[in-house]
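Chain residues, written in single-letter form:
Number of protein chains: 6
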Amino acid sequence: MEKTPKIAIYPGSFDPITNGHIDIIKRAIMLFDQVIVSVTRNLSKSPLFDETERVQMIRESLNDFPHISVESFDGLLIDYAREKQASAIIRGLRAVSDFEYEFQMALVNRKLHDDVVTVFLMTHDKYSYLNSSIVKELVRLGGDVDFFVPAHVRTRLEEKLRVK
Amino acid sequence: MEKTPKIAIYPGSFDPITNGHIDIIKRAIMLFDQVIVSVTRNLSKSPLFDETERVQMIRESLNDFPHISVESFDGLLIDYAREKQASAIIRGLRAVSDFEYEFQMALVNRKLHDDVVTVFLMTHDKYSYLNSSIVKELVRLGGDVDFFVPAHVRTRLEEKLRVK
Amino acid sequence: MEKTPKIAIYPGSFDPITNGHIDIIKRAIMLFDQVIVSVTRNLSKSPLFDETERVQMIRESLNDFPHISVESFDGLLIDYAREKQASAIIRGLRAVSDFEYEFQMALVNRKLHDDVVTVFLMTHDKYSYLNSSIVKELVRLGGDVDFFVPAHVRTRLEEKLRVK
Amino acid sequence: MEKTPKIAIYPGSFDPITNGHIDIIKRAIMLFDQVIVSVTRNLSKSPLFDETERVQMIRESLNDFPHISVESFDGLLIDYAREKQASAIIRGLRAVSDFEYEFQMALVNRKLHDDVVTVFLMTHDKYSYLNSSIVKELVRLGGDVDFFVPAHVRTRLEEKLRVK
Amino acid sequence: MEKTPKIAIYPGSFDPITNGHIDIIKRAIMLFDQVIVSVTRNLSKSPLFDETERVQMIRESLNDFPHISVESFDGLLIDYAREKQASAIIRGLRAVSDFEYEFQMALVNRKLHDDVVTVFLMTHDKYSYLNSSIVKELVRLGGDVDFFVPAHVRTRLEEKLRVK
Amino acid sequence: MEKTPKIAIYPGSFDPITNGHIDIIKRAIMLFDQVIVSVTRNLSKSPLFDETERVQMIRESLNDFPHISVESFDGLLIDYAREKQASAIIRGLRAVSDFEYEFQMALVNRKLHDDVVTVFLMTHDKYSYLNSSIVKELVRLGGDVDFFVPAHVRTRLEEKLRVK
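Protein sequence lines correspond, in order, to chains P, X, G, U, D and Z.
Each number in our numbering comes from the position in the first sequence (counting from 1) with 939 added on.
Each number in our numbering comes from the position in the second sequence (counting from 1) with 939 added on.
Each number in our numbering comes from the position in the third sequence (counting from 1) with 939 added on.
Each number in our numbering comes from the position in the fourth sequence (counting from 1) with 939 added on.
Each number in our numbering comes from the position in the fifth sequence (counting from 1) with 939 added on.
Each number in our numbering comes from the position in the sixth sequence (counting from 1) with 939 added on.
One or more of the hints may lead you astray.
If several chains are the same, the list does not tell them apart, and a pair holds so long as it fits within one copy or across any two.
[To be verified] In silico lysine-lysine, BS3-like type, Cα no more than 30 Å apart, as pairs: (1) K1023 / K1065; (2) K1075 / K1065; (3) K965 / K1065; (4) K965 / K984; (5) K1050 / K1075; (6) K1099 / K1075; (7) K945 / K1099.
Don't read these hints as lab results, they were simulated from the structure.
Make the full structure from the sequences, and use the hints.
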């Protein structure tokens, strides 16, 4: 009897992808047969990078990894997850403030449909303080972000934020 | 090509197993091919139930579930997990206080060996306040624990704690 | 000698009222002789429902409860509470993030006037993740909110958010 | 028709009572017709003061306040509260760590019986760091606790802890 | 051999300075030879007071203190700190929510340059709930802020916010 | 005019010293003219290493650092700090749970004497999960603690804990 492959989605705005996100994705692929990195199409606040750019930067960052795909989505996350036949929604946790918001969303999603499990992975301690907003702020102020994002993301950030 | 089955361990003292633990195990089995419920043999504080009783109560609670096994272990958790060829260590998260301790242990384990991923699952909101200590305290004081543990666990708790 | 009735106010934006709010109000009326649900007239961010609609939805949700009145207010909460001869300001607590903001406001209010007591009630665990923003977001994305708000609130939400 | 008086219980170990406890009791009496300060008879860890001493110190601290009574109890808190026909269980909140434990107990009590409401009052900011353990530790090490407890409690503490 | 004086910077938006900030500055000057209060020139959200007004209000509040200077800055905080030959960046901590954001920034700054130490000082308990936003909101609603800011800051706040 | 040297004490049980403690000490010496590492003589729970051993291990770990001294103390921390003419008490902060306990102690100490400032330094992210208890537990279970403590501390830990 053939085993059904286990699929996980990793949703986010990825504006842009950071080394923290990449660390989570590499952990997720150790657990699931396929990981779909799912870029939120319409964000409530306007993103720095448009949907296409955000997807491209993720793809370039994950070239070497098999069993990972990247796409964008909109609508209700839990409906999207079920359409993809995902067993799991992956979320990275860094700090207590993450924890509360993430739990709230996980509980709402579980209430809506009980057949997709939200799975929390811990961000590596060396990226525990990292998020996309801080990276953008650093580039804006002229700081060095080599440690925080892949080189190609850094280049794009500088093009967007330092030309002005 | 055959896919390697994904194994997860769910370690704990389970003194005794509660409906909160059972909820986590049912979620874990939606994600992994096999879940090993692993009872800590030697606890720092002396348990109410001995190792054999704790294992038995878990087995009775999970009779109907395939792909779940129960055993006890001692030594370093991460060594045990690798010996079992586990991809994941499952931990339930309920509250902020859980969160900090669990993250600390997950970071230590990741530092020791990077090839087993700690996976956090969210306890169902209706069990968010539940733990084994509260259940024991309630039985000791004559409270009703039907909502909190399976009937056979309740019976054992009353035998242990109300005879006195 | 006649006892002075104890009055409590329950302030909020209620944009719209949820089942979590209703649970708090039902608990408050077990404690006080009169509960005034007090809708903040001018919000810093523009509400989905205007003041009249927000008051109406609360009234429709609480038709069957005596000793509850609904009104709107503006100005300083503590001044309004004293004008109403309230002994207490009711606040619902769900999570740690609530806790800190609510404590801050309670301490400021106590500093301004020491004769009104801020009273925190715990939201029922089944609504612990619920707030008005999540309900609006769910309706906007086509999610089912039957569990979260009364039927008449759901209808109004769909009229506002799905027509577009 | 006569109004039923609203009774609240304020349970604790009070080993010994501090100025923080007294602040909470004064706030509670602004809200309820009667407040019963309820001393836990059997504590899991052995108290510094026995049950009679703990009750006496509370009585001496609250001499001037009408509508307050002091007694000891054992057994399940929620059963005791119902026997006293209490509408409310009062709990003081100081910090996030309090919050989680207190919520857990309030949710368990609500699950056991839904007719007694747990009410959280905020400790005055000037006592936000205060608890009985710290007071005992300070006296043991020769520190001045005038700000933290009434004079008669201070005397008893010094008799117990400095004789040695 | 002459000892190099230890310089600390205390950065912030100070829109306006409160008694909580002043308490931190007085503590900092007990530790360092010189404290530079550094006003963020360009804020992401538009401030109530412009840069010049914010600097003036701080100067008027700290007239009597030697070894304190006030200036404004923009760009990356850590670069500014090094340019000033500061050993330390001072940050006030009040609550858990402060804690996480502040740690994140301190870790980022340490990653960028390891030679400036972020030093956290505890806000006095009587100002633990205080921040510039609450003060502005209180003045806007007609509340009394005498306890929260120096008299000259109160006057300026009323001029700005009550004329409208 | 001669400048009075600024002295800081860094109190703790250090049972044993870890790389996290050493990181804090190195940061503290960047800020103060002298740092006294102060080992708590009598601990409430019995330590693994006696007072002399704990002092020795700290001294061996800090051989290369000038301006650091190590001693043991008992009694009230704030009295000891004043006797040493210290301006500051250094405390390391790692996580939210640290934060609350540390703030409580800092507020008590400030209430007792206002002339010594508690200064919080942030533990390096790579040691954010580290404490002496975890290190002892790891050695007890046969884990590798090279990353967590200096080599000479590791040797002593193994002598104490693995002989059994």
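Structure-based check of all given hints:
no.	hint	in the structure
1	K1023 / K1065	between (32 Å within a copy, 28 Å between copies)
2	K1075 / K1065	both (18 Å within a copy, 24 Å between copies)
3	K965 / K1065	both (15 Å within a copy, 20 Å between copies)
4	K965 / K984	within (28 Å within a copy, 37 Å between copies)
5	K1050 / K1075	between (35 Å within a copy, 16 Å between copies)
6	K1099 / K1075	within (10 Å within a copy, 33 Å between copies)
7	K945 / K1099	neither (38 Å within a copy, 39 Å between copies)
Consistency note: the structure conflicts with earlier hint 7 alone.
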